[in-house]
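So the sequences go chain by chain: A and B.
When the count follows the working numbering, it moves up by one through the first sequence with no breaks and lands on 1685 for the last residue.
When the count follows the working numbering, it moves up by one through the second sequence with no breaks and lands on 295 for the last residue.
Because the hints were derived from the structure by calculation, they are not lab data.
Even for Gly, the Cβ is constructed at its ideal location relative to N, Cα and C.
Keep in mind that the hints are not guaranteed to be accurate.
Unchecked claim - Examples of chain B residues toward chain A, derived with CB under 10 Å:
| hint | residue |
| --- | --- |
| 1 | 85 |
| 2 | 87 |
| 3 | 184 |
| 4 | 194 |
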Amino acid sequence: MDSFLSYTFIGLFTGAAYAIAASGLVLTYSTTRVFNIAHGAVGMVFAFVYWDFSQRQHMPAWLALALVLLVVAPAFGVFVQRVLTRGLGSQPIGVSLVVTVGILVGLIGVATQIWPPASRTVPQFFAGHLITLGNVVITWHQVLTVVLSGVVAGCLYLLLNRTRIGTAMRASVDNPDLLQLYGGRPQLVAALAWAIGTSLAALAGILLTPVIGLQYYDLTLLVISAYAAAMLGKLTSLPMTYVGAMGLGILQSYAVGYLPSAGNVAGLRAVVPTLFLFGIIVLLPQAPLRIGQVKGLVSAPVPTLGRASIWGGALVLFAMLLAVGLSTSNLLLLGTAATYAIVMLSLVLLTGYGGQVSLAQFTFAGVGAVAYAKIDQPNLFGLLVATLVAAAVGALVAIPVLRLTGLYLALATLAFAQLMDKLVFQASYAFQFNNPLHAERLSVLGLKIDGTGSYTVMMTIFFVLLALGVIAVRRGRLGRILIAMRDSQAACGTLGLDLRWLRVGLFAASAGIAGLAGALFAGLRGTIVANDFQFFASLLVLLVAVIWGVTSVTGAAIGGVFLMYLPVAQSDHANIAGLLFALLGFGAVALGRDPNGLANKIFGFNSWVVDRLYPALAERYPGMALRSRTDEWDGAVDGVDDESLAASGTEVERDVVVAG
Amino acid sequence: MSLLQVEDVVVQFGGVTAVNHATFEVVAGSVTGLIGPNGAGKTTCFNVITGLQRPTSGHVRFDGRDITRTAVHRRARRGIGRTFQRLEAFGSLTVADNVRVALDIHEGFRGIFRPGDHDVDELLERVGIAEYAAERADSIPTGTARLLELARALACQPRLLLLDEPSSGLDEAETEAFGALLVELAGEGCTVLMVEHDMDLVMSVCDEIHVLDFGSVIAAGTPAEIRVDPKVQRAYLGYSDEGQGAHVAESLDETKVLAR
């Protein structure tokens, strides 16, 4: 009975911290329609700031706390709302997710740059003060946290129901445009919401740190708990969020107390928020299809299959040259680049064409890798089975989210990635607590591809074949349907398309491609470890894919090389390793609004050369205009869709509008 | 015989009642008008019929079967097509591809063997926008986009076609051609239910008209009956029985048309 009581008190404490974090999340999401995946990362960064103020600079705890909660955090919140996420609420869900994932990665980069890994402790508030009830001991820190969560709830209630700005906030939830028409100031409301939301994230982070430690990733994943709690109130109801947070905290505490601490179920204790989340998702009712959300997106040009094959052939030839010239360690890097590129192809299909976001692509690669190693059939059959296993797991993730919108799918993938990290990959049927797994290299039709060079070339060929497949899909019926689905789900539904299963199929296909990449990667490396497939890698893959262009296979190819190079650059320049993450994250924030990415700029340059520069030069220097040359250029233009060329024109205009 | 029955449907958004015990029928093979002042709940009714909005209470029957809880795409497959008041054309696709997608979705796997683009061209010709075939759908004028949505809906060969303010954005000649097309469609067995503010069009093509006000059906009948119905005039002109001044500002536009 005593232990039950003390687990309940611990649960109340955790729940109270979750409630504080979740209230902030709900406040920002419901007023601006931007779901801040970086909410936990914000809490993490401000826990570090608080440590810096109170421990390193030896400020009194109350002063440090007041500075963080009342000055630094709100200012940062306003900055994020005004500069980084402004106007995101009306953008497609994919864009706002990528931008906030960019903030998450950027914040982790900033934190590791400013506060390199070291042992840091944050003492509890009123450390040493205890309350004893019979045999149960409660700390003042725990009591303070529970009291603070009540104060936060009360203050938010008063703010929202008793003040003018609060009324405007509630109105903003329903319709910001209307609020503006009636003389309200949605921008002010949004800024205030983000200031308060950021402060609450900081408070939750600071309160939790003495218990879970000052770590980059654990606090970042606080967003999953907050989100799980907020889901009970469908991300809009504060009272239900409070109930959800308390329930989750207590549930988690009991799981820690009463579930066995060894064996396969041990990991369960770490993934209670995730399971809680999936439980609620399954119970949520069907989301209605949104009307009036149509946005014609300007896509990167889609090449003809013939033209793409020529480029693909050139790429394979280039890989062959490198296979001869490079050392084994560099070839392994090249193979890694091919792995990343194939994973990014899976995102081209899912995000670029389908408009859905996955935050677990590398987890699916891990599933494929583990399946490939476990089947121990190093041939095309084993590869196929590994791919299918990953696809099936992808379908299993997507099915519970079937009835909900893209935001919930993306958040479910984040939760799923964490579940796999903590529970499945560590289990005896996978990596067994960080043990390496061995995998053999592939043999194709009886021919064993053993050399690292030839294996790398083979991976390049796989990339090219898959890229051609993705392009063929885009050019065909399915591609048209995917674009239509991205543009208007309501219209697709009323034309008779079953969006739910199409989305599951798309998600499974994408997971399958990622799994194939993982299987090839396992063969390349020979040994794989769970660390190769952590959730954070999935976030990086998504960001790099978007930066280089998630709507084109060219973007995937360049992105793969770029992502391979990132850890190399980080180990070469260890002193700015965090800064590189920060650059990547905030680069994605800057570029995330255009999913066509940098690759499209290259296409744009190409068509500028063909359409403008070359004719101009030919006019000025007639001697240069070789007849055969002109024909070749014309052929090049014909190779690209008329549609996309027309499109790149409109894009320029749009850019101007945005800039103006 | 009635193809569609809306029975006692109520839709509430928070405290607002958008549709209040609406009941009406659409006869197979007819062109039926659904009119009423702005905010009367016409589009919400369409959303309930197509499944985009679940009613708070009440039933929808199509072809004798209760479809109140049927998924959006299943209703479409049973033969309910629609266009949208706020355009939902696929902006990143060309006009021709918009129709092609609809055919793809409608035909499913059979469509893989569709010979050429004959059907696409024919549908675009029929609604009169063939000249725009190669343009992106987000770059064409509003009226054209409405006709595109019509062509797209027709690609699925609906038995019941819901048109939400189809003529706004069309000029007089286009509206006339559009009216003729509707009558032709109804003759071919494609029943039309239309929300429309252009009273000339409504009065000239509709066989029957239902009038919605504050979410309830306040009148139903032939155009001739509706024209002289005092309740309809009250709803549109905003006069109370004592003859006080207008209070429904939004309906002034329609008032002028009605008075012509």
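Of the numbered hints stated earlier in the document, which are not met by this structure?
4
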